[in-house]
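Trainee: So the chains spell out like this:
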Amino acid sequence: MDVWSSLMDGFATALTPMNFLYAVIGVILGTAVGVLPGLGPAMTVALLLPVTYALEPTSAFIMFAGIYYGGMYGGSTTSILLNTPGESSSVVTAIEGNKMAKAGRAAQALATAAIGSFVAGTIGTTLLAVCAPIVVQFAVSLGSPSYFAIMLLALLAVTAVLGSSRLRGFAALALGLAIGLVGIDSVTGQRRLTFGQPLLADGLDIVVVAVAIFAVGEALWVAAHLRRTPLHVIPVGRPWMGKKDWQRSWKPWLRGTVFGFPFGALPAGGAEIPTFLSYVTEKRLSKHPEEFGKGAIEGVAGPEAANNAAAAGTLTPMLALGLPTNATAAVMLAAFTGYGIQPGPQLFSSEGPLVWALIASLFIGNLLLLLINLPLAPLWAKLLQLPRPYLYAGILFFATLGAYSVNLQAFDLVILLVLGALGFMMRRFGLPVLPLILGVILGPRLEGQLRKTLQLSAGDPAGLWSEPIAVGIYIIIGLILLWPLAYKLIRRNRPQNSSLLPANSGAADYSD
Amino acid sequence: MTIVVGYVPTPEGEAALTQAIAEARKSSSTLLVINSSRGDALVDNRYAQEQDIQSIEDRLATQGIDHVIKQPVRGHDAAAEVLDAAEEHNAELIVIGLRRRTPVGKLIMGSVSQRILLEADCPVLAVKAG
Amino acid sequence: MSSKTSGLKGRAELGVALLLGAAGVLVFLDANGLSTPYSHTDPVGPKTVPFIVAGLLVVCAVLLAVNVLRGGKGEAEGGEDVELGHPADWKTVLPLAGAFILNILLIDWAGWVISGTVLFWGSLLALGSRHYVRDGIISVLLSLLTFYGFYLGLGIALPAGLLEGIL
Chain E
1 MDVWSSLMDG FATALTPMNF LYAVIGVILG TAVGVLPGLG PAMTVALLLP VTYALEPTSA
61 FIMFAGIYYG GMYGGSTTSI LLNTPGESSS VVTAIEGNKM AKAGRAAQAL ATAAIGSFVA
121 GTIGTTLLAV CAPIVVQFAV SLGSPSYFAI MLLALLAVTA VLGSSRLRGF AALALGLAIG
181 LVGIDSVTGQ RRLTFGQPLL ADGLDIVVVA VAIFAVGEAL WVAAHLRRTP LHVIPVGRPW
241 MGKKDWQRSW KPWLRGTVFG FPFGALPAGG AEIPTFLSYV TEKRLSKHPE EFGKGAIEGV
301 AGPEAANNAA AAGTLTPMLA LGLPTNATAA VMLAAFTGYG IQPGPQLFSS EGPLVWALIA
361 SLFIGNLLLL LINLPLAPLW AKLLQLPRPY LYAGILFFAT LGAYSVNLQA FDLVILLVLG
421 ALGFMMRRFG LPVLPLILGV ILGPRLEGQL RKTLQLSAGD PAGLWSEPIA VGIYIIIGLI
481 LLWPLAYKLI RRNRPQNSSL LPANSGAADY SD
Chain B
1 MTIVVGYVPT PEGEAALTQA IAEARKSSST LLVINSSRGD ALVDNRYAQE QDIQSIEDRL
61 ATQGIDHVIK QPVRGHDAAA EVLDAAEEHN AELIVIGLRR RTPVGKLIMG SVSQRILLEA
121 DCPVLAVKAG
Chain P
1 MSSKTSGLKG RAELGVALLL GAAGVLVFLD ANGLSTPYSH TDPVGPKTVP FIVAGLLVVC
61 AVLLAVNVLR GGKGEAEGGE DVELGHPADW KTVLPLAGAF ILNILLIDWA GWVISGTVLF
121 WGSLLALGSR HYVRDGIISV LLSLLTFYGF YLGLGIALPA GLLEGIL
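So the protein lines, in turn, are chains E, B and P. FYI, in full-length UniProt numbering the residues of the first sequence are 1 to 512. FYI, in full-length UniProt numbering the residues of the second sequence are 1 to 130. FYI, in full-length UniProt numbering the residues of the third sequence are 1 to 167.
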């Protein structure tokens with residue numbers, strides 16, 4: 001394996017002055033949007049997609065990598081200083097982190113979150129660099145039947161396991177698949193769902209769909225439910241840790257990493273479960289269990305590490321198989337398509353330098369986050385006082401600009417508004433947006449593999465399970481479809497479970 | 001009669017409150033405490049949290065001062081809220097805290113105190129932090 | 001009062017089921033209208049997947065309707081700047097959508113600088129900012145900046161519209 005030399009080449013590419021600059025921009029932008037309410041890394045990457053089409057793909061992805069890790073980092077800052085976790089993965093961090101901050105230990109909480117993120121991110125990225133080529137080696141030997149099965153697994157797993165309502169997940173998935181159908185069928189040249197509208201013949205631009213669902217839908221949704229009572233941000237100086245904090249943090253960091261990476265790499269692992277597992281584990285192993293619920297540093301260190309390791313894990317199936325398992329990865333995958341790069345196992349061979357530069361930039365971004373952001377924490381907290389009108393008007397402005405600039409057609413803006421309204425409706429009625437985006441992205445590829453498979457088997461459906469791997473995956477799919485029954489039982493028992501969390505943590509509202 | 005005090009959880013705000021309490025005792029007036037926010041940002045550190053308000057409430061109660069505490073969030077700036085309240089209750093006095101502002105800061109942000117001083121119909125007592 | 005609003009809420013969610021069902025029927029009818037001579041190179045054809053998707057949509061629609069009628073409810077999405085305690089604030093959302101639509105109508109005719117200014121300024125207004133002049137200046141600057149930024153930086157010529165020749 002020449003992982004090492006490829007990675008070194010990647011570093012050489014990522015460290016050219018221009019690319020390094022993009023990494024810095026990405027990290028700062030990512031942290032800013034992570035801190036800002038209502039903005040997340042998925043939305044930011046979506047908003048930047050059109051602008052980055054003028055860049056080298058490598059530079060663009062280096063910036064996206066920075067945004068991805070930076071967003072995670074910024075999210076932990078707000079959950080510690082404000083107790084308003086923006087994403088379900090930082091709910092657990094908020095429990096102890098905010099208690100620490102209220103007890104005047106904000107600096108230590110931020111420091112253990114930052115350094116823990118760095119440690120977990122670095123280990124996670126190393127695992128990514130090691131695992132992804134192995135997965136690829138295994139994947140290139142697969143034929144269409146297995147590949148079809150794997151994609152089906154990814155779609156169903158994300159839909160069935162994440163989110164609170166399986167039914168609503170499938171509804172979102174179906175809508176996404178329908179959106180993905182629009183346009184000329186690539187095999188027969190027939191027009192599907194174009195309603196005689198020539199502008200729809202090329203299909204819906206994935207950039208427009210992503211911007212509509214993540215930016216317009218979100219901005220309208222937040223605008224409709226603005227928080228009315230202003231919050232207090234806990235004042236903080238430069239984050240630092242004492243010797244004792246280090247002693248209490250390093251083991252939770254490593255354990256959190258162990259929980260996070262595999263869950264992130266699984267098709268539907270996500271970051272919520274490992275952060276929760278990490279919290280429970282630290283509480284059990286801690287020498288200071290009495291501090292839990294009052295601001296135990298282990299309760300910040302572990303989950304934050306798990307969160308970031310999961311983020312690195314998520315990139316493994318994304319790069320090695322072309323399967324996104326969270327919103328940001330999905331939008332990044334859309335970016336590949338936008339550049340005309342075919343995601344999938346062949347990515348490592350066809351776009352090797354780009355992939356390795358991306359992985360190298362993850363290492364660099366991680367280090368940059370630590371170096372740039374530790375001293376900047378008080379500044380980030382100031383960002384929260386930005387008046388909302390500017391924030392949300394800005395999102396709409398740049399969403400419009402981006403969507404319009406792709407084809408310079410006002411028609412795209414109509415689509416943007418219609419799908420934005422759809423995104424609003426989905427948030428209102430609890431339909432998760434991730435299955436929809438995955439349906440749009442993976443649907444056409446899934447159909448392509450299906451048709452290829454049956455073409456090879458001359459129309460015999462048995463061709464679908466002609467490879468042993470495919471059979472194995474169908475069994476896993478079966479298990480996943482049954483698993484929600486078990487999951488429901490667990491959820492029903494959650495009230496007893498959640499006594500692990502302090503009742504007044506404020507996290508209850510977010511436990512979706 | 002009513003005394004209106006513009007309160008913010010800062011040393012200036014505390015100074016204003018202390019002074020206002022003293023004035024209210026002297027004339028045995030009702031003390032109207034105004035702590036407002038425009039409410040246009042997620043975070044506003046000048047908007048007092050529940051504990052702060054509770055401790056003011058206790059402080060006023062133990063001193064036996066007739067009082068009302070209001071926290072309007074209506075998108076208006078602090079000066080407008082204080083002036084509104086003063087007009088509505090026909091206040092005899094407004095008490096505010098002053099903080100040092102650089103000329104540039106004043107130019108960009110405007111000055112709440114200045115607006116109150118210029119536009120109030122009743123006497124305004126401006127105090128500085130200890 | 002609360003039972004009335006929850007009743008309304010339930011009925012509103014039936015609209016989602018209706019939308020899914022309608023989408024399903026639409027996908028079905030559209031696929032049904034495709035002409036597909038059977039071919040050996042493409043035994044699946046362009047119809048199969050749309051039929052499956054249509055079926056999934058209709059099944060989801062029915063199940064969702066049943067779920068809602070039985071009292072099931074989708075959890076509205078939370079967030080750091082979201083307070084779900086109060087009902088949707090249409091007085092903010094509708095003007096926002098209005099500014100957005102105005103931009104769509106204006107962009108090709110009046111050009112990005114004008115339509116973008118209208119969009120940003122209108123959105124600020126809708127969201128409750130009351131610094132009309134300052135907001136106006138910022139809107140114009142932002143639109144100009146993006147216009148030239150896209151032109152010079154990215155080589156994308158946004159429409160100049162009415163200001164053709166001036167910009």
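Don't take each hint at face value.
27 Å max Cα-Cα, derived BS3-like pairs, lysine-lysine [said to hold, decoys possible]:
no., chain 1, residue 1, chain 2, residue 2
1, E, 382, E, 452
2, E, 283, E, 251
3, B, 128, E, 382
4, E, 283, E, 102
5, P, 73, E, 452
6, E, 294, E, 283
7, E, 102, E, 382
8, B, 70, P, 47
9, E, 243, E, 294
10, E, 283, E, 452
11, E, 102, B, 70
12, B, 128, B, 70
None of these hints come from the bench; they were simulated from the model.
Trainee: Now look at each hint and say whether the structure bears it out.
Mentor: For each hint, the structure was consulted:
no.	hint	verdict
1	E:382 / E:452	55 Å, violated
2	E:283 / E:251	13 Å, holds
3	B:128 / E:382	25 Å, holds
4	E:283 / E:102	20 Å, holds
5	P:73 / E:452	40 Å, violated
6	E:294 / E:283	12 Å, holds
7	E:102 / E:382	18 Å, holds
8	B:70 / P:47	65 Å, violated
9	E:243 / E:294	20 Å, holds
10	E:283 / E:452	51 Å, violated
11	E:102 / B:70	25 Å, holds
12	B:128 / B:70	22 Å, holds
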